[in-house]
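Novice: Generate the whole structure from the sequences, applying the supplied hints.
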Amino acid sequence: MKASKTGFDAPANRSSARRIPAEAGIWLFIFGDILVFTLYFFVFGFERVHDLQTYRRSQAELNVALGLFNTLLLLTSSWLVASAMLLIREGGAPRIAALKLLLAIGCGLGFVGVKVVEYAEKVTAGITLTSNDFFTFYYMFTGIHLMHVLIGLGVLICMAWYAYTNPDSARKLVHFESGASFWHMVDLLWIVLFALLYLLP
Amino acid sequence: MTTTTSTGFDRLCVWCGPACLGFFAIALVAAGFIPPWSPALGVDEVVARYREDATRIRVGMGFLLVGGMFYALFTAAISSQMRRIAGVSHSLVYGQLAAGSFACLTFLVPAIFFLVTAYRPERPAELTYLMNDLSWIAFIIPWPPFMAQYYSFAFAVLADRSVQPLFPRWLGFMNLWAPILFVCGLVVPFLKTGPFAWNGLFPFWVPGVVFGIWFIAMTKHLLRALRRPESELRTQSVLEATAT
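So the protein sequences, as listed, match chains F and V. Here our numbering is used: the first residue of the first sequence is 54, the next is one more, and so on. Here our numbering is used: the first residue of the second sequence is 47, the next is one more, and so on.
Worth flagging that the hints you see were computed from the coordinates, not collected in a lab. Any given hint could be a false lead.
[To be verified] Once the Cα atoms are required to be at most 20 Å apart in a straight line, the calculated SDA-like pairs of lysine to any residue come out as:
#1 K225(F) with R207(V)
#2 K175(F) with F236(V)
#3 K238(V) with V245(F)
#4 K238(V) with L182(F)
#5 K175(F) with E76(F)
#6 K168(F) with V245(F)
#7 K225(F) with S208(V)
#8 K238(V) with T183(F)
#9 K175(F) with G163(F)
#10 K168(F) with T195(F)
#11 K238(V) with L249(F)
#12 K225(F) with F94(F)
#13 K225(F) with K238(V)
#14 K238(V) with R101(F)
#15 K225(F) with D206(V)
#16 K238(V) with G163(F)
[Said to hold, decoys possible] Here's a subset of chain F near chain V, in silico, CB distances under 10 Å, partners left out:
#17 L81
#18 T91
#19 E100
#20 Y172
#21 I204
[What the hints assert, rightly or not] Here are the computed distance ranges between Cβ atoms for each label pair:
#22 G54(V) with G159(F): 28 to 38 Å
#23 G196(F) with P81(V): 24 to 34 Å
#24 L253(F) with G133(V): 48 to 58 Å
#25 V165(F) with R169(V): 29 to 39 Å
Note that the structure is predicted; figures quoted are calculated from it, not measured. Idealized CB from N, CA, C, for every residue including glycine.
Specialist: Encoded structure:
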């Protein structure tokens with residue numbers, strides 16, 4: 054009988070126990086990231102108000118269809134991750150959970166691919182980081198977000214691999230929840246970015 | 047194993063962290079770098095500043111030069127405590143040490159560049175202008191050693207499987223978060239104005255504040271870790287091993 058030695062071995066009474074998912078540390082990380090991105094958004098908003106013409110004109114150069122497709126890809130991936138988490142929490146079918154995570158990774162890779170296409174499209178049209186203030190923000194924000202997507206994909210890969218090879222993945226529930234929360238944050242940041250960069254009237 | 051004397055030196059090394067931060071802050075204020083100079087300044091303006099403020103730049107950058115040495119000892123203190131984590135990877139301990147030592151250059155090199163620039167302000171204007179660019183960029187952008195350093199520590203903390211870990215887990219996550227904010231330094235060479243330039247909100251102010259927070263959080267938890275007796279850590283690891 055294995056006693057729980059660390060907080061990560063989840064006890065069996067998950068459904069009745071009320072607790073905050075994942076662990077405090079990852080929420081600190083997520084909060085910190087959201088704080089910094091909020092700062093980015095405020096600065097963007099401030100600069101935009103002072104140069105509305107340029108920002109509107111530049112926004113028109115963005116490929117909204119690709120942006121929307123990316124949004125759908127990330128939303129789908131978040132849904133798949135949440136769905137996988139349900140399975141892992143119940144401890145029933147970890148391999149199916151792993152498959153769902155794999156599909157989520159696929160969506161994430163799709164996002165990366167679309168971003169590459171989008172960047173290539175712009176660069177060949179002569180639109181770069183230094184083209185104007187709007188595009189500096191565009192490349193910086195989407196670039197830093199892309200970095201988060203890549204980190205998130207690494208996290209999802211670890212989760213998928215672990216779920217696939219460990220039938221008792223429910224014991225490491227806290228780690229899975231941390232990874233899932235990070236991925237949801239990445240999705241949330243993109244939704245705000247998409248609205249701010251592509252959609253603001 | 048640890049005597050009163052060696053613990054005393056350990057504690058001294060931890061306090062080198064706040065000392066480093068203090069010297070760093072004094073350096074910037076004394077040199078007149080708060081707020082930081084804009085990359086968009088013209089040749090004449092830059093030359094005029096070096097000619098008028100040569101003394102304060104030399105004093106301030108002297109502080110920066112000295113501050114760097116405290117960083118080395120603080121890094122050593124971090125690795126010393128990391129070593130006590132049960133089953134810690136030696137690569138991470140030495141990685142932190144190596145990267146932190148490497149990071150001392152980020153104090154030394156810009157300090158020397160600024161000092162040389164301010165050494166002969168009467169030299170041709172174009173040369174001073176070039177040296178100024180060199181100094182500021184060397185000062186603002188070298189973030190990679192810090193990422194290697196903080197991530198080594200973060201991985202060691204998060205891999206700590208003890209019932210009562212030596213460092214709190216959130217500190218590990220904080221060390222994962224902080225270096226991501228330094229990455230903006232990469233675009234500094236592309237821009238001369240705006241929030242992403244070397245005097246901007248994102249390459250200068252945000253990393254500066256985060257750096258300060260890091261020193262304070264790390265100092266506090268290093269002192270706390272120092273206070274935990276070796277015997278307590280060793281019995282704890284044994285408990286962990288017999289559980290399996």
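Novice: Compare the structure with each hint and give your call.
Specialist: For each hint, the structure was consulted:
1. K225(F) with R207(V): holds, 13 Å
2. K175(F) with F236(V): At roughly 17 Å apart (the allowed maximum being 20 Å), F236(V) and K175(F) satisfy the hint.
3. K238(V) with V245(F): violated, 28 Å
4. K238(V) with L182(F): holds, 12 Å
5. K175(F) with E76(F): Judged against 20 Å, a Cα distance of about 40 Å means the pair is violated.
6. K168(F) with V245(F): holds, 16 Å
7. K225(F) with S208(V): holds, 15 Å
8. K238(V) with T183(F): holds, 10 Å
9. K175(F) with G163(F): Answer holds: K175(F) to G163(F) is near 18 Å, not above 20 Å.
10. K168(F) with T195(F): Holds: K168(F) and T195(F) sit about 9 Å apart, inside 20 Å.
11. K238(V) with L249(F): violated, 24 Å
12. K225(F) with F94(F): violated, 35 Å
13. K225(F) with K238(V): Between K225(F) and K238(V) the Cα gap is close to 48 Å, so the pair fails against 20 Å, i.e. violated.
14. K238(V) with R101(F): holds, 19 Å
15. K225(F) with D206(V): Within the cut-off at roughly 15 Å; holds.
16. K238(V) with G163(F): violated, 34 Å
17. L81: Holds: closest Cβ of chain V sits about 5 Å from L81(F), inside 10 Å.
18. T91: violated, 12 Å
19. E100: This hint holds: E100(F) lies near chain V, its Cβ roughly 8 Å from the closest one there, short of 10 Å.
20. Y172: Nearest chain V Cβ about 15 Å off; hint violated.
21. I204: It holds, given that the least Cβ distance between I204(F) and chain V is near 9 Å, below 10 Å.
22. G54(V) with G159(F): 28 to 38 Å: The hinted range 28 to 38 Å is violated for G54(V) and G159(F), with Cβ atoms some 57 Å apart.
23. G196(F) with P81(V): 24 to 34 Å: holds, 26 Å
24. L253(F) with G133(V): 48 to 58 Å: holds, 51 Å
25. V165(F) with R169(V): 29 to 39 Å: violated, 49 Å
Hint violations for this structure: numbers 3, 5, 11, 12, 13, 16, 18, 20, 22 and 25, all remaining hints satisfied.
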